[in-house]
Amino acid sequence: MIISKKYLNPEVLARLSRLDLKAKLVVEGFMSGLHLSPYKGFSQEFADYRQYMPGDEPKRIDWKAFGRSDRFYIKEYQEETNLRAYILLDKSGSMGYGRKINKLEYAKYLSASLAYMLFKQKDSVGIATFDTEIREIIPPSSKKSNFTQILKTIDKAAPSGETSLSNILFQLAQKLKRRGLVILISDLFDEPETVVKSLRSFRCRKHEILVFHTLDVDEYKFPFNKSAIFYDLEDSSEMIIQPNIIRESYQKKFKELLEFYRYKLLESHIDYEIIYTNTPYDKALFSYLQKRGRLL
Amino acid sequence: MTFLHPLYLLGISLIAVPIIIHLWFKKRLKKIPFSTLRFLKKSEAKKFGWLKFREILILVLRCLFITFLFLSLAKPQIKGKFFGAGRLSSVILVIDNSYSMAYGENFKLVKEAANELLSFYSPKSEFCVLPLCKTEFYNNDNEPHWVSKKSVFELINKLNLSYKSGSIKNVLSNLPTSTTNYRVEYVYIGDGQEFNFKDFPEELVKQANFYWLKIPSGGNISINKVTLKDPVSIPLDNYNLNVHITNFSQNSWNGKATLKTKDYYFEKDCEIHPEQELNLEFLLPVSAAHGKIVLYDDSLIADNVYYFSKSLPHRLNVIIVGNDRFLYSGLSSADESNSPFYVESVEYLQKVNFPKFDVVILNGIDEISESDKIKLDNFINQNQKSVIFFMGKKVGNNLKNFISQSCNIENPISPKGYATLDWVDYAHPIFNVFVGSTVLKNIKFYHFQKIIAHKGIIAKLTGDYPFLVIDDNLAVVATQFTPYNTDIVYKTAFIPLVFRLIINTTYKSYNKEFYVGENITTYTKLKAPTGEYLTKGTELLVPGFYTVDSETIGVNVIPEEGNLKILGDGAAKILNIQTITLDNDLAESNLSHTLLYFVLFIILLELLLLLLY
Numbered sequence: 001m002i003i004s005k006k007y008l009n010p011e012v013l014a015r016l017s018r019l020d021l022k023a024k025l026v027v028e029g030f031m032s033g034l035h036l037s038p039y040k041g042f043s044q045e046f047a048d049y050r051q052y053m054p055g056d057e058p059k060r061i062d063w064k065a066f067g068r069s070d071r072f073y074i075k076e077y078q079e080e081t082n083l084r085a086y087i088l089l090d091k092s093g094s095m096g097y098g099r100k101i102n103k104l105e106y107a108k109y110l111s112a113s114l115a116y117m118l119f120k121q122k123d124s125v126g127i128a129t130f131d132t133e134i135r136e137i138i139p140p141s142s143k144k145s146n147f148t149q150i151l152k153t154i155d156k157a158a159p160s161g162e163t164s165l166s167n168i169l170f171q172l173a174q175k176l177k178r179r180g181l182v183i184l185i186s187d188l189f190d191e192p193e194t195v196v197k198s199l200r201s202f203r204c205r206k207h208e209i210l211v212f213h214t215l216d217v218d219e220y221k222f223p224f225n226k227s228a229i230f231y232d233l234e235d236s237s238e239m240i241i242q243p244n245i246i247r248e249s250y251q252k253k254f255k256e257l258l259e260f261y262r263y264k265l266l267e268s269h270i271d272y273e274i275i276y277t278n279t280p281y282d283k284a285l286f287s288y289l290q291k292r293g294r295l296l
Numbered sequence: 001m002t003f004l005h006p007l008y009l010l011g012i013s014l015i016a017v018p019i020i021i022h023l024w025f026k027k028r029l030k031k032i033p034f035s036t037l038r039f040l041k042k043s044e045a046k047k048f049g050w051l052k053f054r055e056i057l058i059l060v061l062r063c064l065f066i067t068f069l070f071l072s073l074a075k076p077q078i079k080g081k082f083f084g085a086g087r088l089s090s091v092i093l094v095i096d097n098s099y100s101m102a103y104g105e106n107f108k109l110v111k112e113a114a115n116e117l118l119s120f121y122s123p124k125s126e127f128c129v130l131p132l133c134k135t136e137f138y139n140n141d142n143e144p145h146w147v148s149k150k151s152v153f154e155l156i157n158k159l160n161l162s163y164k165s166g167s168i169k170n171v172l173s174n175l176p177t178s179t180t181n182y183r184v185e186y187v188y189i190g191d192g193q194e195f196n197f198k199d200f201p202e203e204l205v206k207q208a209n210f211y212w213l214k215i216p217s218g219g220n221i222s223i224n225k226v227t228l229k230d231p232v233s234i235p236l237d238n239y240n241l242n243v244h245i246t247n248f249s250q251n252s253w254n255g256k257a258t259l260k261t262k263d264y265y266f267e268k269d270c271e272i273h274p275e276q277e278l279n280l281e282f283l284l285p286v287s288a289a290h291g292k293i294v295l296y297d298d299s300l301i302a303d304n305v306y307y308f309s310k311s312l313p314h315r316l317n318v319i320i321v322g323n324d325r326f327l328y329s330g331l332s333s334a335d336e337s338n339s340p341f342y343v344e345s346v347e348y349l350q351k352v353n354f355p356k357f358d359v360v361i362l363n364g365i366d367e368i369s370e371s372d373k374i375k376l377d378n379f380i381n382q383n384q385k386s387v388i389f390f391m392g393k394k395v396g397n398n399l400k401n402f403i404s405q406s407c408n409i410e411n412p413i414s415p416k417g418y419a420t421l422d423w424v425d426y427a428h429p430i431f432n433v434f435v436g437s438t439v440l441k442n443i444k445f446y447h448f449q450k451i452i453a454h455k456g457i458i459a460k461l462t463g464d465y466p467f468l469v470i471d472d473n474l475a476v477v478a479t480q481f482t483p484y485n486t487d488i489v490y491k492t493a494f495i496p497l498v499f500r501l502i503i504n505t506t507y508k509s510y511n512k513e514f515y516v517g518e519n520i521t522t523y524t525k526l527k528a529p530t531g532e533y534l535t536k537g538t539e540l541l542v543p544g545f546y547t548v549d550s551e552t553i554g555v556n557v558i559p560e561e562g563n564l565k566i567l568g569d570g571a572a573k574i575l576n577i578q579t580i581t582l583d584n585d586l587a588e589s590n591l592s593h594t595l596l597y598f599v600l601f602i603i604l605l606e607l608l609l610l611l612l613y
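Chains as they are written, first to last, in the numbering used here: chain A, 1 to 296; chain B, 1 to 613.
Rather than coming from a laboratory, the hints here were simulated on the basis of the structure.
Hints are supplied without guarantee of correctness; some may be wrong.
Below, simulated BS3-like cross-link-like pairs (lysine-lysine); rule was C-alpha separation at most 30 Å, straight line [to be verified]:
| hint | chain 1 | residue 1 | chain 2 | residue 2 |
| --- | --- | --- | --- | --- |
| 1 | B | Lys460 | B | Lys393 |
| 2 | A | Lys144 | A | Lys206 |
| 3 | B | Lys393 | A | Lys255 |
| 4 | A | Lys252 | B | Lys52 |
| 5 | B | Lys373 | A | Lys252 |
| 6 | B | Lys41 | A | Lys264 |
| 7 | A | Lys252 | B | Lys31 |
| 8 | A | Lys197 | A | Lys253 |
| 9 | A | Lys252 | B | Lys26 |
| 10 | A | Lys253 | B | Lys30 |
| 11 | A | Lys100 | B | Lys393 |
| 12 | B | Lys356 | A | Lys221 |
| 13 | B | Lys356 | B | Lys373 |
Listing some non-contacts, in silico: residues in chain B with all C-beta distances to chain A over 10 Å [unchecked claim]:
| hint | residue |
| --- | --- |
| 14 | Thr36 |
| 15 | Asn181 |
| 16 | Glu551 |
Using N, Cα and C, we set each Cβ at its ideal position, and we do this for glycine too.
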């Protein structure tokens with residue numbers, strides 16, 4: 001495995017401590033795998049000339065300047081911020097679930113990676129973390145200081161409280177006045193109907209939405225065997241469950257839930273991606289890029 | 001409720017084991033954090049409810065399993081509910097010791113039931129034991145009296161079966177004279193044959209409770225009577241014996257009837273439908289004059305015993321006065337040594353040597369002399385002598401005076417021609433042999449006279465002209481016995497009729513049979529079946545064959561004793577009799593088996609629950 005690519009594996013990434021480094025490694029690893037430069041085609045404004053250095057693409061040489069000065073110059077452009085992105089990170093209790101890497105951890109790396117990528121692309125990026133209410137919100141900006149702030153916010157996020165996702169989304173929809181790209185990273189554990197409704201409210205405000213439905217494989221497969229007391233990470237309620245008895249029907253119900261989201265969000269032109277905590281990050285980043293590509 | 005092995009009850013404390021296991025298991029359960037139970041709860045709410053219930057149910061079943069198992073090992077006994085324990089009363093115990101209780105182990109059961117019943121009474125209660133049928137139990141020196149609970153067991157165990165019949169009325173007429181200390185109550189323990197309750201003293205039991213502790217009636221089959229198929233014919237080699245059996249129960253009876261004589265043994269399988277009769281016929285050699293008929297049910301328990309004895313009647317000397325054609329030959333036998341009659345005939349009555357004869361038959365005689373009338377009067381006043389008068393065309397005054405003790409004869413003779421017999425009292429023993437036949441009814445008579453019977457008309461002709469009048473030892477037949485006057489002689493039925501007339505008027509039995517309780521006065525030596533000699537006036541107490549002088553007689557139980565028609569519950573209620581049953585009201589029921597069935601059921605239920613989610 002190429003070293004830069006290995007950090008796309010969530011488990012490997014989890015061993016690193018610094019979030020900024022994690023984000024960087026993820027993005028760089030991801031970028032190295034792309035054939036086309038994500039920078040290509042960006043709308044640009046002239047900033048300055050710079051002397052041609054070996055390694056620069058010859059096509060970038062400003063031949064007019066060469067005519068005037070007989071030296072090879074390359075034009076440098078001030079890259080425009082043309083995307084406003086909001087990362088909405090669910091840090092409710094249920095996001096704390098995961099056996100090797102919990103959902104929130106995964107969501108945090110993903111958020112950081114996305115923020116890094118956005119920052120790198122000079123896009124304005126902001127973040128909001130929430131559980132039962134909005135805990136922290138950083139308005140979008142392309143400044144480095146903002147990025148640092150975002151990373152700090154992400155780093156601080158710890159799972160707690162119950163999910164009241166739809167309420168939060170409604171509130172955020174009110175707050176985020178300027179249209180942009182909303183990236184929701186959540187397990188969507190709320191009433192599916194109201195969640196879809198609240199996401200639609202973003203659409204009403206002309207936001208583009210990308211939903212990363214973050215799940216642990218166990219939540220889908222329910223691989224437990226022995227009878228056990230299951231306790232809810234959100235409200236701490238307990239139940240004695242015999243998994244082998246209820247597995248089949250649970251899986252069926254869960255599948256129905258995912259199908260519901262997929263169908264309803266597609267219907268509302270909302271991009272929806274199920275991300276399991278063992279899914280490499282490139283899948284998520286690729287989804288983001290596809291979305292961005294469509295937007296620009 | 002009592003327990004035979006109460007120590008096993010300690011085992012019930014083991015129910016703590018499944019409870020502890022349940023709690024320990026619950027504590028030992030791994031706690032698994034899960035993102036949210038919301039969807040689990042929503043989608044499987046019903047199943048969770050059921051699982052929780054199932055867990056509790058399994059725990060309860062395990063506890064019940066242990067409880068029932070040890071309860072069954074402890075052998076719980078439930079006392080009958082009818083009587084409360086420690087009952088304090090003065091109890092008149094009427095124990096059925098009649099012959100019917102000899103069936104199987106019924107009499108033993110009666111004693112056991114009595115003992116069981118007594119266990120409900122307080123030791124202070126007082127008791128008086130009265131056997132239903134006469135035995136040596138109480139004699140003149142030992143009148144019915146009150147005894148303590150301790151002694152009553154002994155008294156009951158001393159009781160013997162009796163071959164006599166008895167009634168509750170008679171028993172209760174001989175109660176202890178001493179005053180009672182407590183409230184009196186009556187308890188009859190027996191199978192409750194209907195005739196035992198005859199003239200039941202309702203007034204007496206109105207003042208006190210009367211309980212009937214029902215003992216299941218065993219034998220329900222009875223030999224009603226044993227008769228000769230043809231009592232008239234004089235058997236030379238074999239004779240036929242008819243055994244009439246009645247099934248009194250509501251169920252079919254399957255069994256066999258055996259007939260045993262000194263040298264012969266016969267056996268017949270038979271099936272009798274509910275409340276039906278069966279007539280079994282045995283062909284016996286003449287030498288087999290007496291024997292024993294026993295009915296066995298399927299389990300080879302003797303249901304009924306009947307002793308039969310067939311001996312020819314004492315030979316009667318018969319004199320026929322008048323027309324003797326047909327009648328003489330009809331009454332005479334080819335085998336004189338075995339003939340029941342020694343027959344002579346004379347034309348005139350004055351020639352008859354009366355002391356020599358038992359029966360005088362006047363056939364078509366119009367008149368008798370004054371002296372003959374006196375002779376006839378003297379003759380007829382003797383025991384076991386009879387006169388049979390077949391009326392001729394005329395009846396003279398002397399003759400009329402002679403027969404006037406039984407009937408008046410109207411003159412003149414009318415009508416002429418013939419009349420048909422139109423009514424016969426077949427219930428009269430004379431006609432036993434004709435039952436079921438139309439032979440007699442078809443008989444035509446050519447000459448008869450109108451007679452007015454004082455009593456005993458047993459057959460009538462067309463119109464109001466009695467045919468046969470019976471009055472003690474005089475029989476008057478309203479026609480002459482000649483081929484010219486009647487065609488009855490052509491009917492084979494008439495000779496048996498004459499035979500019967502002779503038997504009935506002389507009161508000579510054609511077989512010698514007595515019943516238990518009867519006594520024979522005219523004998524010098526009476527030997528019981530047991531071999532002992534009885535004194536005069538002794539009642540025949542045991543069935544079997546007795547030797548009376550040189551003759552053998554059969555002694556049977558009273559036919560009623562074999563008749564097991566049981567008093568119905570409805571009838572008992574009307575008589576204010578409260579019935580108690582051994583199984584429901586008195587018996588201590590052992591619950592062990594029931595509890596073991598519960599244990600089995602619990603195991604099955606738990607297996608089912610474990611398989612079922």
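Results of checking the hints against the structure:
no.: 1; hint: B/Lys460 <-> B/Lys393; in the structure: holds, 18 Å
no.: 2; hint: A/Lys144 <-> A/Lys206; in the structure: holds, 27 Å
no.: 3; hint: B/Lys393 <-> A/Lys255; in the structure: violated, 126 Å
no.: 4; hint: A/Lys252 <-> B/Lys52; in the structure: holds, 22 Å
no.: 5; hint: B/Lys373 <-> A/Lys252; in the structure: violated, 126 Å
no.: 6; hint: B/Lys41 <-> A/Lys264; in the structure: holds, 24 Å
no.: 7; hint: A/Lys252 <-> B/Lys31; in the structure: holds, 24 Å
no.: 8; hint: A/Lys197 <-> A/Lys253; in the structure: holds, 21 Å
no.: 9; hint: A/Lys252 <-> B/Lys26; in the structure: holds, 28 Å
no.: 10; hint: A/Lys253 <-> B/Lys30; in the structure: holds, 25 Å
no.: 11; hint: A/Lys100 <-> B/Lys393; in the structure: violated, 140 Å
no.: 12; hint: B/Lys356 <-> A/Lys221; in the structure: violated, 127 Å
no.: 13; hint: B/Lys356 <-> B/Lys373; in the structure: holds, 17 Å
no.: 14; hint: Thr36; in the structure: violated, 5 Å
no.: 15; hint: Asn181; in the structure: holds, 69 Å
no.: 16; hint: Glu551; in the structure: holds, 95 Å
The structure is inconsistent with the numbered hints 3, 5, 11, 12, 14, although it conforms to all the rest.
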